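Number of protein chains: 2
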Amino acid sequence: MRIALDAMGGDNAPDAVVDGAVQAVRKSGHHVILVGDRDLIYKRLDRYWRVKRLPISVHHASQVVTMDESPASALRRKRDSSMRVALDLVRAGEANAAVSAGNSGAFMAKAMHSLRLLEGVERPAIATLMPSRKGFSIVLDVGGNVGCTPRNLVQFAVMGDVFAHDVLGVKKPKVGLLANGEETSKGTELTRNAHELLRDMRLNYIGYVEGRDAFNGDCDVIVTDGFTGNVLLKTAEGVAKLIYNMLKEEYERSRMGKLGYLLSTGVWASLRKRIDYREVGGAPLLGVNGVAMICHGASDSRAIKSAVIAAARYAERRLELHMMEKLASCVDQEKWASTKERGFWEKSV
Amino acid sequence: MRIALDAMGGDNAPDAVVDGAVQAVRKSGHHVILVGDRDLIYKRLDRYWRVKRLPISVHHASQVVTMDESPASALRRKRDSSMRVALDLVRAGEANAAVSAGNSGAFMAKAMHSLRLLEGVERPAIATLMPSRKGFSIVLDVGGNVGCTPRNLVQFAVMGDVFAHDVLGVKKPKVGLLANGEETSKGTELTRNAHELLRDMRLNYIGYVEGRDAFNGDCDVIVTDGFTGNVLLKTAEGVAKLIYNMLKEEYERSRMGKLGYLLSTGVWASLRKRIDYREVGGAPLLGVNGVAMICHGASDSRAIKSAVIAAARYAERRLELHMMEKLASCVDQEKWASTKERGFWEKSV
Numbered sequence: 002m003r004i005a006l007d008a009m010g011g012d013n014a015p016d017a018v019v020d021g022a023v024q025a026v027r028k029s030g031h032h033v034i035l036v037g038d039r040d041l042i043y044k045r046l047d048r049y050w051r052v053k054r055l056p057i058s059v060h061h062a063s064q065v066v067t068m069d070e071s072p073a074s075a076l077r078r079k080r081d082s083s084m085r086v087a088l089d090l091v092r093a094g095e096a097n098a099a100v101s102a103g104n105s106g107a108f109m110a111k112a113m114h115s116l117r118l119l120e121g122v123e124r125p126a127i128a129t130l131m132p133s134r135k136g137f138s139i140v141l142d143v144g145g146n147v148g149c150t151p152r153n154l155v156q157f158a159v160m161g162d163v164f165a166h167d168v169l170g171v172k173k174p175k176v177g178l179l180a181n182g183e184e185t186s187k188g189t190e191l192t193r194n195a196h197e198l199l200r201d202m203r204l205n206y207i208g209y210v211e212g213r214d215a216f217n218g219d220c221d222v223i224v225t226d227g228f229t230g231n232v233l234l235k236t237a238e239g240v241a242k243l244i245y246n247m248l249k250e251e252y253e254r255s256r257m258g259k260l261g262y263l264l265s266t267g268v269w270a271s272l273r274k275r276i277d278y279r280e281v282g283g284a285p286l287l288g289v290n291g292v293a294m295i296c297h298g299a300s301d302s303r304a305i306k307s308a309v310i311a312a313a314r315y316a317e318r319r320l321e322l323h324m325m326e327k328l329a330s331c332v333d334q335e336k337w338a339s340t341k342e343r344g345f346w347e348k349s350v
Numbered sequence: 002m003r004i005a006l007d008a009m010g011g012d013n014a015p016d017a018v019v020d021g022a023v024q025a026v027r028k029s030g031h032h033v034i035l036v037g038d039r040d041l042i043y044k045r046l047d048r049y050w051r052v053k054r055l056p057i058s059v060h061h062a063s064q065v066v067t068m069d070e071s072p073a074s075a076l077r078r079k080r081d082s083s084m085r086v087a088l089d090l091v092r093a094g095e096a097n098a099a100v101s102a103g104n105s106g107a108f109m110a111k112a113m114h115s116l117r118l119l120e121g122v123e124r125p126a127i128a129t130l131m132p133s134r135k136g137f138s139i140v141l142d143v144g145g146n147v148g149c150t151p152r153n154l155v156q157f158a159v160m161g162d163v164f165a166h167d168v169l170g171v172k173k174p175k176v177g178l179l180a181n182g183e184e185t186s187k188g189t190e191l192t193r194n195a196h197e198l199l200r201d202m203r204l205n206y207i208g209y210v211e212g213r214d215a216f217n218g219d220c221d222v223i224v225t226d227g228f229t230g231n232v233l234l235k236t237a238e239g240v241a242k243l244i245y246n247m248l249k250e251e252y253e254r255s256r257m258g259k260l261g262y263l264l265s266t267g268v269w270a271s272l273r274k275r276i277d278y279r280e281v282g283g284a285p286l287l288g289v290n291g292v293a294m295i296c297h298g299a300s301d302s303r304a305i306k307s308a309v310i311a312a313a314r315y316a317e318r319r320l321e322l323h324m325m326e327k328l329a330s331c332v333d334q335e336k337w338a339s340t341k342e343r344g345f346w347e348k349s350v
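Going down the list, the protein sequences come from chains A and B.
Sequential numbering from 2 applies to the first sequence in my numbering.
Sequential numbering from 2 applies to the second sequence in my numbering.
In case anyone wonders, no lab produced these hints; they're calculated from the structure.
Treat the hints with care, as some may be off.
To be verified - Where chain A lies over chain B, by a calculated footprint (3+ residues, C-beta under 8 Å):
1. 40-46
2. 121-135
3. 141-151
4. 174-188
5. 215-221
6. 233-246
As the list claims (entries may be wrong) - Computed list of lysine to any residue pairs in SDA-like fashion (alpha-carbon distance at most 20 Å, straight line):
7. B:Lys242 x A:Met68
8. B:Lys135 x A:Thr150
9. A:Lys187 x B:Ser271
10. B:Lys187 x A:Leu260
11. B:Lys173 x B:Arg134
12. B:Lys274 x A:Ile276
13. A:Lys259 x B:Arg256
14. B:Lys249 x A:Trp269
15. B:Lys44 x B:Asp69
16. B:Lys327 x B:Ile207
17. A:Lys242 x B:Ala270
18. B:Lys259 x A:Leu260
19. B:Lys249 x A:His297
20. B:Lys259 x A:Ala73
21. B:Lys259 x A:Arg273
22. A:Lys249 x B:Lys242
23. A:Lys242 x A:Met202
24. A:Lys249 x B:Ser271
25. B:Lys242 x A:Lys187
26. A:Lys249 x B:Asn217
27. A:Lys187 x B:Thr150
28. A:Lys249 x B:Lys259
29. A:Lys242 x A:Arg303
30. B:Lys187 x A:Asp40
31. A:Lys187 x B:Val147
32. A:Lys187 x B:Thr67
33. A:Lys187 x B:Ala270
34. B:Lys187 x A:Thr150
35. B:Lys187 x A:His297
36. A:Lys259 x B:Ser255
Stated by the list, open to error - Listed next, with one range per pair, are the computed distances between beta-carbon atoms:
37. A:Glu190 x B:Glu123: 51 to 59 Å
38. A:Ala329 x B:Asp81: 56 to 64 Å
39. A:Gly208 x B:Arg78: 46 to 54 Å
40. B:Glu123 x A:Ser330: 33 to 41 Å
No experiment lies behind these values; they were computed from the predicted model shown.
By construction, the Cβ of each residue, glycine as well, lies at the ideal position given by its N, Cα and C atoms.
Can you build the whole structure from these sequences, using the hints too?
Structure, rendered in structure tokens:
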């Protein structure tokens, strides 16, 4: 597999990205194409011994999209930006996947522009793996689309179902719609309309689920709009960090605690492996015609390494093809087409 | 203080509620009025030694609102339900606060009906205390109102501000609006409109905040609609439970871990004290004219005890008066009145 990596994206770019690339290549043997400022990349690469023997190449790009740039302006003005060039390599078939820790809104816009959407998809979704009691669940969308239609949510459900099946190895993924309670009397107009549509789909749809169901193993795919999904994601991050910090404080408070802490280091390491986002690496952008992986802006080299390896795995699975097939097969085409009519949602309530 | 406690509300009622009442009375000395089926309550009370010397009284109510009943039907049909009678005791001045672990939607509807809304409040909000690095933050609404207007959110902000000041002891509470990012380009139409209003208020308003800010101590009051707030609440619960279970699993896996666990019991106990909802007890319903406290349906006696004690504390503070004052003083009345006009929100975007 050949992975195009945006060397200039993220708070710690390019150093952490280059380091992550070297680690990923050493671990997996995949080919990484570092895209960005040639001089800066080589400067960092030169710190590594025998780096020339590794399957790493450098592709120059003269521009960088900054973190605070609007997607529209980035798309219009930065035609030679590192993230754009990385995506173009995927489109041209020179790379199997593109990975970036840069401005995620701009990356998403550029991915839609460069790779195009899959047939049957109206909006792509940023998907995140969440640790759960049974391994992982997938939550989508977590920030790509603030305003969603019921049709969008249905497409997210299908994409999440394919992802859970192909990548997480779940045979019949349980698909749930995120709401403020399990009863159908709960939810917003958006969730109620999406619920109506999802009930008719050839999916293992289990109805409304709550925030906790992303973590307790009762649901494999949690479907939501980007606003709510982002709140879920950031809340999970916040709680995990709080508990970690509190535990550290409590352990440091007493001598007995300190000893307990020392004896627990193995426990901490394996817990971290299970819940640290840096082990998962990145969030795939589902719905575009190719593999595009969005990393946390604060990614360090370990997170980049995990993201490169995960991107290669997704590319091997040919998720896009399966998503298109499933989108075409699991809806009643005639009924589905009718939902496109303007005003359908008002009428259906 | 006299607390009216709905003895029939919750999954473990009436036994856990009666037990919690006895614990609360023994600890705090407040008077608890147990409202519900006289026979059942006395049967449980009789298990306690010298219970007649405790400041506990029983007020009979012949009906019980079930967990799956719709608020409207509960309001119409159950005029002698335990939660209704408990609230009526507050209205009549015979109790200072009402506490229930029963159907929260019905309790909210009955509280609005019986206690009435505070002047200046259009919808009440369920507020929850979240553990944070600096103690607690308050999140509201967490489930009372799925559809909110910008005016509702502004009122929630003022109520949260007063709560944080009076109860949590924060001098100038930082008030944030929950969104999917800190930049003002983020958010939904609802948050953008509420943001415009909040900027003009005499509050320490810090703008958009993210899910994690409820836990890192950067924000004291997190304002949101009931749908999103509920997702935040349930997500936090889910993550905390997941980490707890994972730690337990990891500790049990090795002999060293088991020893580490034994040495860490003190740490666990203090962590639990800081993050367990049963220590906080319940969620106050803010915006009604009196203290009404909603407990988790799964509350055990410890949660009920904490809720009774917390309700007494809120009643002592006279939060309602301060909220009315603040609602009246921190808005520009003329401007505020104009936001009531129909169509304002469409025009203001």
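Consistency of the hints with the structure:
Chain A is given as covering the segment 40-46 of chain B, and this is violated because 0 residues of the stretch bring a CB closer than 8 Å to a CB of that chain, at least three being needed. With 3 residues carrying a beta carbon less than 8 Å from a beta carbon of chain A, the segment 121-135 of chain B meets the three-residue requirement, and the given coverage holds. Counting residues of the segment 141-151 of chain B whose CB lies closer than 8 Å to any CB of chain A gives 3, so the stated coverage by that chain holds, three being the minimum. Counting residues of the segment 174-188 of chain B whose C-beta sits closer than 8 Å to any C-beta of chain A gives 8, which meets the bar of three, so the coverage hint holds.
Only residues whose C-beta sits within less than 8 Å of a C-beta in chain A count toward coverage, and the segment 215-221 of chain B has 3 of them, enough to reach three; the restraint holds. Check result for the segment 233-246 of chain B against chain A: holds, 13 residues qualifying (beta carbon to beta carbon below 8 Å, three or more required). The straight-line distance between the Cα atoms of B:Lys242 and A:Met68 is roughly 34 Å, outside the 20 Å bound, and the hint therefore fails. Pair hint B:Lys135 plus A:Thr150 does not hold up; C-alpha atoms about 39 Å apart against a cutoff of 20 Å.
Note on A:Lys187 and B:Ser271: the hinted pairing is violated, with a Cα-Cα distance of about 36 Å set against a maximum of 20 Å. A C-alpha spacing of about 46 Å is found between B:Lys187 and A:Leu260, which places the hinted pair above 20 Å, so the restraint is violated. Restraint check for B:Lys173 and B:Arg134: satisfied, since their Cα atoms lie roughly 17 Å apart, inside the 20 Å limit. Between B:Lys274 and A:Ile276, the direct Cα distance comes to roughly 23 Å. Violation of the 20 Å bound is thereby established for this hinted pair.
As the CA atoms of A:Lys259 and B:Arg256 are separated by approximately 18 Å, the hinted pair is consistent with the 20 Å bound. Distance hint between B:Lys249 and A:Trp269 is fulfilled; the C-alpha atoms sit about 11 Å from each other, no more than 20 Å. At roughly 26 Å between alpha-carbon atoms, B:Lys44 and B:Asp69 are farther apart than 20 Å, so this suggested pair is violated. Using a Cα cut-off of 20 Å, the hinted pair B:Lys327 and B:Ile207 holds, with the two alpha carbons roughly 18 Å apart.
Straight-line distance between C-alpha atoms of A:Lys242 and B:Ala270 comes to about 19 Å, which keeps the hinted pair within the 20 Å bound. Proximity of B:Lys259 to A:Leu260 is assessed by CA-CA distance (about 13 Å); at most 20 Å being required, the pair is judged to hold. Between B:Lys249 and A:His297 the alpha-carbon distance is near 29 Å, which puts this suggested pair outside the 20 Å criterion. Taking the CA atoms of B:Lys259 and A:Ala73, the gap is near 55 Å; set against the 20 Å cutoff, the hint is violated.
A C-alpha spacing of about 18 Å is found between B:Lys259 and A:Arg273, which places the hinted pair at or below 20 Å, so the restraint holds. The hinted pair formed by A:Lys249 and B:Lys242 meets the criterion: a straight-line CA distance of about 18 Å does not exceed 20 Å. Between A:Lys242 and A:Met202, the direct Cα distance comes to roughly 38 Å. Violation of the 20 Å bound is thereby established for this hinted pair. Taking the CA atoms of A:Lys249 and B:Ser271, the gap is about 12 Å. The hint holds against a cut of 20 Å.
For the proposed pair B:Lys242 and A:Lys187, the alpha carbon gap of about 24 Å is over 20 Å, so the pair is violated. Annotation: proposed proximity of A:Lys249 to B:Asn217 holds, straight-line Cα distance about 15 Å (limit 20 Å). Straight-line distance between C-alpha atoms of A:Lys187 and B:Thr150 comes to about 18 Å, which keeps the hinted pair within the 20 Å bound. With a C-alpha separation of about 18 Å, the suggested pairing of A:Lys249 with B:Lys259 holds against the 20 Å cut-off.
At roughly 18 Å between alpha-carbon atoms, A:Lys242 and A:Arg303 fall within 20 Å of each other, so this suggested pair holds. A distance of roughly 35 Å separates the Cα atoms of B:Lys187 and A:Asp40; the hinted pair therefore is violated under the 20 Å criterion. At roughly 8 Å between alpha-carbon atoms, A:Lys187 and B:Val147 fall within 20 Å of each other, so this suggested pair holds. With a CA separation close to 17 Å, the supplied pair A:Lys187 and B:Thr67 stays within the 20 Å bound.
Distance restraint check for A:Lys187 and B:Ala270: the Cα-Cα separation of roughly 36 Å exceeds the 20 Å cut-off, and the hinted pair is therefore not satisfied. Restraint check for B:Lys187 and A:Thr150: satisfied, since their Cα atoms lie roughly 18 Å apart, inside the 20 Å limit. In summary, the hint linking B:Lys187 to A:His297 is supported, as the alpha carbons are separated by about 17 Å, within the 20 Å threshold. With a C-alpha separation of about 19 Å, the suggested pairing of A:Lys259 with B:Ser255 holds against the 20 Å cut-off.
In this structure the hint that A:Glu190 and B:Glu123 lie 51 to 59 Å apart at CB is violated, the actual value being about 20 Å. A:Ala329 and B:Asp81 have their C-beta atoms about 58 Å apart, which keeps the hinted 56 to 64 Å range intact. Range check, A:Gly208 to B:Arg78: about 28 Å between beta-carbon atoms, so the 46 to 54 Å window is missed. The hinted window of 33 to 41 Å between B:Glu123 and A:Ser330 is violated, with their beta carbons roughly 48 Å apart.
Hints 1, 7, 8, 9, 10, 12, 15, 19, 20, 23, 25, 30, 33, 37, 39, 40 from the earlier list are contradicted by this structure; the remaining hints agree with it.
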